[in-house]
Amino acid sequence: MACKVGRDAVHADLPVRNATRMRSPPPPMPVPEPPPPSVPDVGFTVVRATAQRLDEAMAALLAAGPAAAARFVRQAHLAKVRLDNVWCLADAQGRYRLTAMAIVSTGRTAMVLNTHPRTSSEAQALGLAIAAALKTAKAEADLAQALIEPGRPLDLDAVEAGGLTRLAVLDYLECTLTAAHRAQPDALGLGWEIVPLAQREHLDASDASALTLAARATLIHALEASYRDTLDCPGLAGVRDTTDVVDGHYGLGARRRVWLTAREHDETHGVCLLNVSPENRSAELVYLGVAPYARGRGIARVLLDTGLRECAAQGCISVALAVDERNTFAHRLYAARGFRSTSTRIALVRSLRNTSE
1 MACKVGRDAV
11 HADLPVRNAT
21 RMRSPPPPMP
31 VPEPPPPSVP
41 DVGFTVVRAT
51 AQRLDEAMAA
61 LLAAGPAAAA
71 RFVRQAHLAK
81 VRLDNVWCLA
91 DAQGRYRLTA
101 MAIVSTGRTA
111 MVLNTHPRTS
121 SEAQALGLAI
131 AAALKTAKAE
141 ADLAQALIEP
151 GRPLDLDAVE
161 AGGLTRLAVL
171 DYLECTLTAA
181 HRAQPDALGL
191 GWEIVPLAQR
201 EHLDASDASA
211 LTLAARATLI
221 HALEASYRDT
231 LDCPGLAGVR
241 DTTDVVDGHY
251 GLGARRRVWL
261 TAREHDETHG
271 VCLLNVSPEN
281 RSAELVYLGV
291 APYARGRGIA
301 RVLLDTGLRE
311 CAAQGCISVA
321 LAVDERNTFA
331 HRLYAARGFR
341 STSTRIALVR
351 SLRNTSE
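Mapped onto the working numbering, the consecutive letters of the sequence shown carry residue numbers 1 to 357.
Hints are computed from structural coordinates only; laboratory data are not their basis.
What follows is a list of derived Cβ distance ranges for each label pair:
| # | residue 1 | residue 2 | range |
| --- | --- | --- | --- |
| 1 | G151 | A336 | 25 to 33 Å |
| 2 | P234 | S343 | 20 to 28 Å |
| 3 | A217 | R95 | 51 to 59 Å |
| 4 | G43 | A210 | 47 to 55 Å |
| 5 | S121 | Y293 | 47 to 55 Å |
| 6 | A51 | E267 | 47 to 55 Å |
C-beta atoms are modelled at their ideal positions from N, C-alpha and C, and glycine is treated no differently.
Whole structure, please, built from the sequences with the hints as guidance.
Okay, here's the thing in structure tokens:
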């Protein structure tokens, strides 16, 4: 019930929409490069940004001056975000005017970022740059995604021209934790219990390889069961391997993770995954879901209440999440716990599996 798009690709350290990283693949064998495509209507040529001109490419991305662009590049390097898949629309003098890039994150997803186009012609031209970035990214990613503000139709045109299709409208919700969230959650029925997925040292490590095979298998089984007949981004079913979804939810970097499971007689039927950011005393609900067998029994409510209580005990003062606007059940659950809408984004995706483009 916390959408599988958007949240596991967000990197809070960067001042644009999303970014994270993963290890580079082995370098490919050199092949002859075709000439870059030209865009006659706007007089641009699609080119890959060079490392020496990265600040110029970021200035075009942010529509900002050199100082802001250089600051963005420094922040990206500090956050270990790779900026090596950046494509630009260059004018007749070779100057970078518009930028698109795909940032690959753990879990084999690629987040698309682009300059806000000003005209339909620029949007269509940016689509070529986006497509070029995704062609490069597919060696490391199976799914491309973009999150667009509803008030930016030309951005929608650009990413759709790059081959992405609309998945859902995501509501971003936030809750301020109060004394009520520290209360003991309701008891579950006979035979049910809420327990951590794994031992603390396995949950709080720097990457998901710390999870035991048993814990990973339990989580994969529970996630796949919860996807059946889901109301939250159902179009994502089967698009990614669930093991990659686990890696994406876990992310990179040591941190407190409140990952809970709902079990009945040692069989897991629900999960609640919260990642804590102690530096700003907040947490993010990256996923909440229960299997069809367990629905209608209050399992999701008790899972959420237990997770919020643990986050409050860890010193968090707020919790954020993203949810499909069509998931009315989840909205009612979150509203009852004090979550309120803060923003909305249109989520678009494109499978990069087995594509020649």
